[in-house]
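Enquirer: Given the structure of chain Y, go ahead and fit chain U onto it with the hints provided.
Below are the chains, spelled out letter by letter.
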Amino acid sequence: MEEKTISNSRRCYKQWLWFMVLFMSFSVIYVDAVWPMPQMISSSMARYTLNPREFIFQYSSGSSAQPGCSLLDSAFERYFPLIFTDYRAARPRQHDEWFRFPFTVVVHVERAECEGYPDADSSESYKLSVCSGQAALRAETVWGALRGLESFSQLVYQDDFGEYFVNETKIEDFPRFQFRGILLDTSRHYLPLHAILKTLDAMSYNKFNVFHWHIVDDPSFPYQSSTFPDLSSKGAFHPSTHVYTQIDVKRVIAHARLRGIRVLAEFDSPGHTQSWGKGQPGLLTPCYKGTVPSGTFGPVNPANSSSYQFMTRLFKEVTSVFPDSYVHLGGDEVDFTCWKSNPDVRGFMLKMGFGTDYTKLESYYMENMVNITKGLNKTAIVWQDVFDYHEKIPVDTVLHIWKGSPGQIQQELSSITLAGYRVILAAPWYINHIDYGQDWEKYYTIQPLNFTGTEQQKKLVIGGEVCMWGEYVDATNLSPRLWPRASAAGERLWSDERMTSSVIDAFPRLVDFRCRLLRRGIQAEPLFVGHCRHEYQGI
Amino acid sequence: MIATLKFTALLLAVVVCRATQDYGYKDVEEPTLGDSQYGSLWPLPQKVQMSTVAFKLSGVSFQIVDAKESSSGASCSLLQNAYRRYDEYIFPISRMQGQNKKKAFASVSELQVWITSADSECDNYPSVTSDESYKLSVDSPVAVLKAPKVWGALRGLETFSQLVYEDEYGAKSINRTEIQDFPRFTHRGLLLDSSRHFLPIKVILANLEAMAWNKFNVFHWHIVDDPSFPYMSRTFPQLSQQGAYHPYTHVYTPSDVKMIIEFARLRGIRVVSEFDTPGHTQSWGKGQKDLLTPCYSGASPSGSFGPVNPILNTTYDFMAMFFKEVSTVFPDAYIHLGGDEVDFSCWKSNPDIQKFMAQQGFGTDYSKLESFYIQRLLDIVTTTNKGYMIWQEVIDNGVKLKSNTVVHVWMGNKFEEELQKVTEAGFTTILSAPWYLDYISYGQDWQKYYKVEPLSFNGTDAQKKLVVGGEACLWGEYVDATNLTPRLWPRASAVGERLWSDKDVKDTNDAYSRLIQHRCRMVQRGIPAEPLFTGYCAHEYKGV
Numbered sequence: 002m003e004e005k006t007i008s009n010s011r012r013c014y015k016q017w018l019w020f021m022v023l024f025m026s027f028s029v030i031y032v033d034a035v036w037p038m039p040q041m042i043s044s045s046m047a048r049y050t051l052n053p054r055e056f057i058f059q060y061s062s063g064s065s066a067q068p069g070c071s072l073l074d075s076a077f078e079r080y081f082p083l084i085f086t087d088y089r090a091a092r093p094r095q096h097d098e099w100f101r102f103p104f105t106v107v108v109h110v111e112r113a114e115c116e117g118y119p120d121a122d123s124s125e126s127y128k129l130s131v132c133s134g135q136a137a138l139r140a141e142t143v144w145g146a147l148r149g150l151e152s153f154s155q156l157v158y159q160d161d162f163g164e165y166f167v168n169e170t171k172i173e174d175f176p177r178f179q180f181r182g183i184l185l186d187t188s189r190h191y192l193p194l195h196a197i198l199k200t201l202d203a204m205s206y207n208k209f210n211v212f213h214w215h216i217v218d219d220p221s222f223p224y225q226s227s228t229f230p231d232l233s234s235k236g237a238f239h240p241s242t243h244v245y246t247q248i249d250v251k252r253v254i255a256h257a258r259l260r261g262i263r264v265l266a267e268f269d270s271p272g273h274t275q276s277w278g279k280g281q282p283g284l285l286t287p288c289y290k291g292t293v294p295s296g297t298f299g300p301v302n303p304a305n306s307s308s309y310q311f312m313t314r315l316f317k318e319v320t321s322v323f324p325d326s327y328v329h330l331g332g333d334e335v336d337f338t339c340w341k342s343n344p345d346v347r348g349f350m351l352k353m354g355f356g357t358d359y360t361k362l363e364s365y366y367m368e369n370m371v372n373i374t375k376g377l378n379k380t381a382i383v384w385q386d387v388f389d390y391h392e393k394i395p396v397d398t399v400l401h402i403w404k405g406s407p408g409q410i411q412q413e414l415s416s417i418t419l420a421g422y423r424v425i426l427a428a429p430w431y432i433n434h435i436d437y438g439q440d441w442e443k444y445y446t447i448q449p450l451n452f453t454g455t456e457q458q459k460k461l462v463i464g465g466e467v468c469m470w471g472e473y474v475d476a477t478n479l480s481p482r483l484w485p486r487a488s489a490a491g492e493r494l495w496s497d498e499r500m501t502s503s504v505i506d507a508f509p510r511l512v513d514f515r516c517r518l519l520r521r522g523i524q525a526e527p528l529f530v531g532h533c534r535h536e537y538q539g540i
Numbered sequence: 012m013i014a015t016l017k018f019t020a021l022l023l024a025v026v027v028c029r030a031t032q033d034y035g036y037k038d039v040e041e042p043t044l045g046d047s048q049y050g051s052l053w054p055l056p057q058k059v060q061m062s063t064v065a066f067k068l069s070g071v072s073f074q075i076v077d078a079k080e081s082s083s084g085a086s087c088s089l090l091q092n093a094y095r096r097y098d099e100y101i102f103p104i105s106r107m108q109g110q111n112k113k114k115a116f117a118s119v120s121e122l123q124v125w126i127t128s129a130d131s132e133c134d135n136y137p138s139v140t141s142d143e144s145y146k147l148s149v150d151s152p153v154a155v156l157k158a159p160k161v162w163g164a165l166r167g168l169e170t171f172s173q174l175v176y177e178d179e180y181g182a183k184s185i186n187r188t189e190i191q192d193f194p195r196f197t198h199r200g201l202l203l204d205s206s207r208h209f210l211p212i213k214v215i216l217a218n219l220e221a222m223a224w225n226k227f228n229v230f231h232w233h234i235v236d237d238p239s240f241p242y243m244s245r246t247f248p249q250l251s252q253q254g255a256y257h258p259y260t261h262v263y264t265p266s267d268v269k270m271i272i273e274f275a276r277l278r279g280i281r282v283v284s285e286f287d288t289p290g291h292t293q294s295w296g297k298g299q300k301d302l303l304t305p306c307y308s309g310a311s312p313s314g315s316f317g318p319v320n321p322i323l324n325t326t327y328d329f330m331a332m333f334f335k336e337v338s339t340v341f342p343d344a345y346i347h348l349g350g351d352e353v354d355f356s357c358w359k360s361n362p363d364i365q366k367f368m369a370q371q372g373f374g375t376d377y378s379k380l381e382s383f384y385i386q387r388l389l390d391i392v393t394t395t396n397k398g399y400m401i402w403q404e405v406i407d408n409g410v411k412l413k414s415n416t417v418v419h420v421w422m423g424n425k426f427e428e429e430l431q432k433v434t435e436a437g438f439t440t441i442l443s444a445p446w447y448l449d450y451i452s453y454g455q456d457w458q459k460y461y462k463v464e465p466l467s468f469n470g471t472d473a474q475k476k477l478v479v480g481g482e483a484c485l486w487g488e489y490v491d492a493t494n495l496t497p498r499l500w501p502r503a504s505a506v507g508e509r510l511w512s513d514k515d516v517k518d519t520n521d522a523y524s525r526l527i528q529h530r531c532r533m534v535q536r537g538i539p540a541e542p543l544f545t546g547y548c549a550h551e552y553k554g555v
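Here the protein sequences come in this chain order: Y and U. Be aware that the first sequence starts at 2, since it is given in this note's numbering, and climbs by one per residue. Be aware that the second sequence starts at 12, since it is given in this note's numbering, and climbs by one per residue.
Just chain Y, same shape as in the assembly:
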């Protein structure tokens, strides 16, 4: 394009005609390229050739983010090779003679939080207009700008001769749900750092914004705590090769931040804590066989005040390491048999007047945990079990639904929101459960707000989460099992439901997007018979 920018729609229209004349003879393979589908998108057949040697990102003069905004500067660096996937040469210097009429992506951000972390209330909306030989991207926050850059990068395509194009397009976009998460389980199998970082990359391509790090559980405790180093030195699969050091954790958080992704740490208790017991003697409940300890251990011992002292110190560390204002406390699947067998626990039950209702004991424990969290200025997220036992929990606690039939899930959504709690839906997206065939359709057609409740109640559903539990998953199979199946949930959580209700419409777009993921080095598996121009080259 030889013309310089003139931003008015009539000019665009004229060009549109001009392009029509010029390009109608070529076969244009152009599908609605953006995944997940933006809230509003319109495009014409008019297209601009993009030349990697004449392409720049620029801050608009009025933008509050300017060169030096580390978050966007590094996003520009990242997106250039994502847009020009075949371009290997170094970028040209801006003052070169021939570099006069670059295609410019002008970025305007109203509030620059370039060094901050994304959080629950971060705006991710943006407006993107590709017109008159330039792209204008406007966003309230840097997080919105990141989403817009992703959309722009997906608008660019190559023809058979390797030339890059972008069509004249207008997008106005914002997420349907504020919380769009992916859970990885690093306890059942240790996931090497590079597998986590790669997943974060793919998450940003799918506009996911929460990495729920289910970091410890029964099988292993890979989190290396500075306060309690024995937890990982005794509780990890291996004390030096199968742990996440503080530097590793910082790297994950930094990598996520640059992609507008929150890192939500889960330290699940009182159940799912077998591995904790190895490095913290006295923490777990000794189970009894008759009148003598059997040698095995149950959940965290809720009858000892030392348990709460330990938890206070651990969570003090955790909440300072993880900057997010939320922390996940778990609270699921507590098995009462060990508590029941233990005479000290029974004595405590009596003292507290709990009778034989062990759910009260669990409530007591979780109440303490939520209060500890509150004392550290963090908001708690807990699995639905905590609500099911009717604990007195602060009303700002977020409930996480993970189980039940579709009917039960709807019921749970109704009752949790009726009680005024916010809720995250994960149950329909247990993506570790695999099946033969195109199960992405199942994840795609979930309707998160399809339950009985007022408008007010529906607003309390803050989002959803794809869970990849680790029983059968490690670095060997994580990526192809996650992508593009999680992409289906990604669109459900970002896009308008009426615009994206048809799996038939979604299929060709997702096929296309999957090849794009592949091109970007994400090992995304095929949806069905077919091919990508560039197949995966690993094994």
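FYI, nobody ran anything at the bench for these hints, they're computed from the structure. Bear in mind that the values here come from a model prediction, so they are computed numbers and not experimental data. Note that CB positions come from ideal geometry on N, CA and C, so glycine has one too. Accuracy of the hints is not assured; some may be wrong.
[As the list claims (entries may be wrong)] So the derived label-pair ranges between C-beta atoms look like this: (1) Y:S502 / U:D46: 53 to 61 Å; (2) Y:E498 / U:L466: 53 to 61 Å; (3) U:S452 / Y:F508: 20 to 28 Å; (4) Y:T297 / U:D46: 18 to 26 Å; (5) Y:T338 / U:N408: 54 to 62 Å; (6) U:D46 / Y:G163: 52 to 60 Å; (7) U:K517 / Y:G354: 55 to 63 Å; (8) Y:G408 / U:K300: 54 to 62 Å; (9) U:S452 / Y:G405: 20 to 28 Å.
[Unchecked claim] Chain Y is faced by these chain U residues, among others (derived, beta-carbon under 10 Å): (10) K213; (11) A217; (12) D237; (13) A310; (14) T493; (15) T545; (16) E551; (17) G554.
[Said to hold, decoys possible] Pairs of lysine-lysine, BS3-like flavour, derived with a Cα cap of 25 Å: (18) U:K476 / U:K459; (19) U:K553 / Y:K235; (20) U:K476 / U:K411; (21) U:K476 / U:K425; (22) U:K411 / U:K432; (23) Y:K251 / U:K553.
Expert: Showing chain U alone in chain Y's frame:
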């Protein structure tokens, strides 16, 4: 000094922790984990005597050499290549430099490989009759691997490498062991489908490598099918030009095919190519006009095409030329001719075919037409001096077959009845029905594959002898380079042991303990074999 160590395979240290909850349904019982007395051997050899006496392997001086008496020597590059390969598996980190210090402990300094028969078959291709037996004797100071042919030596080298473990100080160790081994079935195959998704060469080679670790010996290359025709034919180049997903990036050139065949040969693996007809041929039609049957909608052609057109002489001229090429490109004595899932509706719609049916007196029995086609095809292939394999429908439909035809049983339910029927008719057969690994489900489905007993059908001993083996099939609807390898391994390993080891090797707990170590070994050797359950490998997968 002879160190006595408890056999702990620390090299492959694997701990499986039992997660108490499963976040959902659980369909298969988890086997209990104990130490197998057989360490990490997979598939389990026919006879193993393993002592607790352990020897060291020196990182400086240990070597694999030809025994003096061996009929094979330095000129046998198949074995020389294998020695280097297995040396690298045993010492994955570069070998230590330095002098061979005076030993203060008993060690194995050499593995001598002794080919006992006059003809080592070093430069041959493996065949259906290749002798894969071997004897391995591990002692200090030398271990001896005796095999009649190179094929057995390859299997024995794999077994030897599986016996090596790291002691707690990281030293490579091996216990005094006597092994006598041979396969239970001669055909132990794996089918990969390169038509539904194109599989880059690299993926095929990596999986041939993994096949050798699991003692598979047949790569059944389902190379073309409806969706694409990636085989580049010299005689009919337009087949891939028009029928592949892409004429340059999604094809197998003659040199690619050669490379795959040689890579397989060096690992004792046959390459049996399948060119499936008359159905499953949509992609053939793009590059070969008039090969497929034009379907009719009422009185006019609908524009779509059906199976190969069986009534034209040009069809058979084409097939004769095509299979003449295939028979020279693929050295194996067998070609798989397919013959499955022929849809008759297009044939029925076509007036020329209706006329032909009437002329031939076939009435409305279209399986007779199929039979007509197949018989002519078999005659053509017979002239190339190849044997052939066909899918079970061909015999189900009553086609007359030469007695040396191998029938491939694939239909899911009641495979026992089918085996009974096929062997009763006197045909050699291989079994795939219970081993369709493309069907995935949640949980430990390897056990399902492991528990299959191929000879459980009713029949005489003579009938049972006709079952020469089986094949794990990984059809390509949902599989390409991104997910093929972890989906295949270690699930196919379960089939591997069923086909190699004695029929009485069926203790799932023992298998579980060996298999998790075997899968960690595959991971360490660079194959992303997926986990069986919660746990870890000392060396996790490093790729992404």
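Enquirer: Among all the numbered hints in the text so far, which are the ones the structure does not match?
Expert: 13
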